[in-house]
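*Asks:* With chain A fixed as given, assemble chain B onto it according to the hints.
Residue numbers (the UniProt record's numbering), protein chains in the order written: chain A, 1 to 172; chain B, 1 to 409.
Please keep in mind that the hints were generated in silico from the structure rather than gathered at the bench.
It is possible that some hints are incorrect.
Stated by the list, open to error - Covered stretches of chain B, as calculated for chain A (at least 3 residues, CB under 8 Å):
(1) 76 to 84
(2) 136 to 145
(3) 161 to 169
(4) 240 to 248
Where a beta carbon is used, it is the ideal one built from N, C-alpha and C, also for glycine.
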Amino acid sequence: MAQHQVNYASAAGLPIALTSVDKLVNWGRSNSLWPLTYGLACCAIEMMASGASRYDFDRMGTIFRASPRQADVMILAGTLSKKHSEFARRLYDQMTEPKWVISMGSCANTGGMFNTYATVQGVDRIIPVDIYLPGCAPRPETLQYALMMLQKKIRRESANMNNNTKNNLRLV
Amino acid sequence: MQQPNKLTPFFENLNFERDDNTMVINFGPQHPSAHGQLRLVLELEGEQVVKAYPDIGYLHRGIEKMAENMTYNEFLPTTDRLDYIASTSNNYAYALAVEKLLGIEAPRRAQVIRTMLLELNRIISHLFFIATHALDVGAMSVFLYAFREREFAMDLMEDYCGARLTHSAVRIGGVPLDLPSGWVEKLASFCSKVEYELEHTYNALLQENRIWKMRLENVGVISAEEALSWGCTGPMLRGSGVNWDIRKEEPYELYSELDFDIPVSDRCDSYGRYRLYMEEMGQSVRILRQLIPMYSKTEPQLMAHAPQYISAPKEEIMTQNYALMQHFVLVTQGMRPPKGEVYVPTESPKGELGFYIKSEGEPYAYRLKCRAPSFFHTGLLQEILVGTYIADVVTIIGTTNIVFGEVDR
Chain A
1 MAQHQVNYAS
11 AAGLPIALTS
21 VDKLVNWGRS
31 NSLWPLTYGL
41 ACCAIEMMAS
51 GASRYDFDRM
61 GTIFRASPRQ
71 ADVMILAGTL
81 SKKHSEFARR
91 LYDQMTEPKW
101 VISMGSCANT
111 GGMFNTYATV
121 QGVDRIIPVD
131 IYLPGCAPRP
141 ETLQYALMML
151 QKKIRRESAN
161 MNNNTKNNLR
171 LV
Chain B
1 MQQPNKLTPF
11 FENLNFERDD
21 NTMVINFGPQ
31 HPSAHGQLRL
41 VLELEGEQVV
51 KAYPDIGYLH
61 RGIEKMAENM
71 TYNEFLPTTD
81 RLDYIASTSN
91 NYAYALAVEK
101 LLGIEAPRRA
111 QVIRTMLLEL
121 NRIISHLFFI
131 ATHALDVGAM
141 SVFLYAFRER
151 EFAMDLMEDY
161 CGARLTHSAV
171 RIGGVPLDLP
181 SGWVEKLASF
191 CSKVEYELEH
201 TYNALLQENR
211 IWKMRLENVG
221 VISAEEALSW
231 GCTGPMLRGS
241 GVNWDIRKEE
251 PYELYSELDF
261 DIPVSDRCDS
271 YGRYRLYMEE
281 MGQSVRILRQ
291 LIPMYSKTEP
301 QLMAHAPQYI
311 SAPKEEIMTQ
321 NYALMQHFVL
331 VTQGMRPPKG
341 EVYVPTESPK
351 GELGFYIKSE
361 GEPYAYRLKC
371 RAPSFFHTGL
381 LQEILVGTYI
391 ADVVTIIGTT
401 NIVFGEVDR
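Only chain A is shown next, with the shape it has when bound in the complex:
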């Protein structure tokens, strides 16, 4: 955010801060990322640990929401099976814009060790992914880092989501 030195003692009027709309909106968006509690398998336990006492996600403005309507980020934590994939897509569609996706763990990234008939080989076949998070299972620190990278990414984006290339990636 743009920093301007204002001498509050001498300035007669209100303190002024100048910024662009993009930066202001992205400042708000990036600091209150509310993820959907979308635990699918083992990574969900690490996602819970990230939200719990030691790693404490609340201090980053990250509060887990149980409803896709209230969520900004979908942290897809775990193995996505083919049977479940249609629900993943539906939940993604139910989230309101702007929305981002973190694919957490090897299974969500590429299918991981489960190269079988039942597993989706990467959630990017179903929904567009912003951050790929390696590890099996990734540590909570890794998830924190992923969220920080996502915040960085959001701050670079245009606040007008129509410019966002993700809309062009719509599969439906």
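*Replies:* Quick look at chain B alone, frame taken from chain A:
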């Protein structure tokens, strides 16, 4: 009947549009309290459940099929992902089954280390149960406290094997590493910490908590006959007054030498089971305290000596030609156990976890079947949910302590 198409899912034999007074609701597969990917289809009359269908398979990954295409050692890390809350208990159950097939026994130090890890995993799993169960019922602070202690136990696991969640800390024939220096002292201080917190935090928060008791007492009542006929094991069975624990009934490895009690409750409800989990953590601490002096009395050998199945220690591989050749064959081709079939039950934190392995003498199992306790407890839901109120459904799912990695496999 709904017409199947690409975007709307097609539900077999299920009509959501009703003309009678019942209402069908869909609980899951993505529900914050469904403990993973459980999908329950509930038929409601008012607020009362008339019928419940647990629909599983949303986390089916084909693990048993994978076992048929992997060598025995290759498959071991996959067992981590069955019951991912207590990974070592899966590794151990699998390793024990293969060891029985091979006819070998782990050296004593390995047995002590394994039992330590198992009981540590039991504490991790039970703390996780308390955390999620309380969170589902509405007590958020218990979740934060339980995860605090759980992180200390995870630190111990991490010091030993380097992983927090998917340990793979047990090998077929023993354990890969000795305990790091100072680990036993850390374990001892963890034991006293858990004991203190059990008494002063969890019991103080929950045991006589009016809301907790109202939500749990007489909810999810399972009679002893029901529990037996549905194949319940572990705390689900002992919570119904049946004294059955594999560690006592068919003691494996060190459990016959250890002195511990099996807590049993005849309350048959969720509150009784919650008490069992708390008492079992105390018993695990008791076992860990007995194992600490046992550890120092053992010889430093960590892997069983069976050259045709198990690689020699690293020093021998590096210095002796024959050991190197054996190691090369075992790594490239895998061990070839004798023909036969084996089933070994163990007491995992959730109940009886056993692996059935059929071997045709190949490096790959002909068939591997995992008998996971959560699968049977999920089946039980269709019986115990009938007649309960919709608000209690979450409590009952919580009390069964099911984990979908091992239900769907």
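*Asks:* Are the hints correct? Go through all of them and say.
*Replies:* Right, here's what the structure says about each hint:
1. 76 to 84: As far as the segment 76 to 84 of chain B goes, the hint holds, because 5 residues have Cβ atoms under 8 Å from chain A.
2. 136 to 145: Held - the segment 136 to 145 of chain B has 3 residues with a Cβ nearer than 8 Å to chain A, which meets the minimum of three.
3. 161 to 169: holds (count 3)
4. 240 to 248: With 0 residues closer than 8 Å to chain A, the segment 240 to 248 of chain B misses the three-residue bar; violated.
Checked against the numbered hints given earlier, this structure breaks only hint 4.
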